[in-house]
Amino acid sequence: MLHLGHVQNSILCIKYIIVTMCSNILIFGQGRKMQLIGFARVSTSSQDLANQLKTLEEHGCNKVFHGKQSGKSKEIELKLKELVDYVREGDTVVVTKLDRLGRSLKSILETIQQITDKGATLKTLDGAIDTTNSSPFAQ
3 MLHLGHVQNS ILCIKYIIVT MCSNILIFGQ GRKMQLIGFA RVSTSSQDLA NQLKTLEEHG
63 CNKVFHGKQS GKSKEIELKL KELVDYVREG DTVVVTKLDR LGRSLKSILE TIQQITDKGA
123 TLKTLDGAID TTNSSPFAQ
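The end of the sequence shown is residue 141 by the working numbering, with every number in the run present.
Mixed in with the good hints there might be a few duds.
Stated by the list, open to error - Computed Cβ-Cβ distance ranges for the label pairs, DEER-style:
1. 57 - 107: 22 to 30 Å
2. 135 - 46: 29 to 37 Å
3. 119 - 48: 28 to 36 Å
4. 65 - 101: 18 to 26 Å
Treat the hints as calculated values from the structure; they're not laboratory data.
Note that the Cβ used here is the ideal one computed from N, Cα and C, for glycine as well.
Make the full structure from the sequences, and use the hints.
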């Protein structure tokens, strides 16, 4: 059984790793307005994306990539690739929760690295991660 203290320590370690990886400085695109780009995912085809899509739209995302994981479907991987390919320097990728970016810590960290390598930032609406500001955890 997991204890709350272990879970909290694990979350802090993950935040530190992510923030360390996201040490880029936010630079806005030249001659282009930065965009808020959403990503939504559900784990099964029977789950509904509507709440995530509505929340991302309410937070100003003018483009949202989304998908449903169904069995061994590669749909989510393809949608994440589309997102990363679309993101440009100065954009902010917005997700409702960090786990929407993948099904494993490894895949989440890889996606975050790809986003930050392009000069974009990441923000989770649950407040877990925000690399758009100048706080020590965002650098």
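Outcome of the hint check:
| no. | hint | result |
| --- | --- | --- |
| 1 | 57 - 107: 22 to 30 Å | holds (23 Å) |
| 2 | 135 - 46: 29 to 37 Å | holds (34 Å) |
| 3 | 119 - 48: 28 to 36 Å | holds (35 Å) |
| 4 | 65 - 101: 18 to 26 Å | holds (21 Å) |
Violated hints for the displayed structure: none, as all numbered hints are satisfied.
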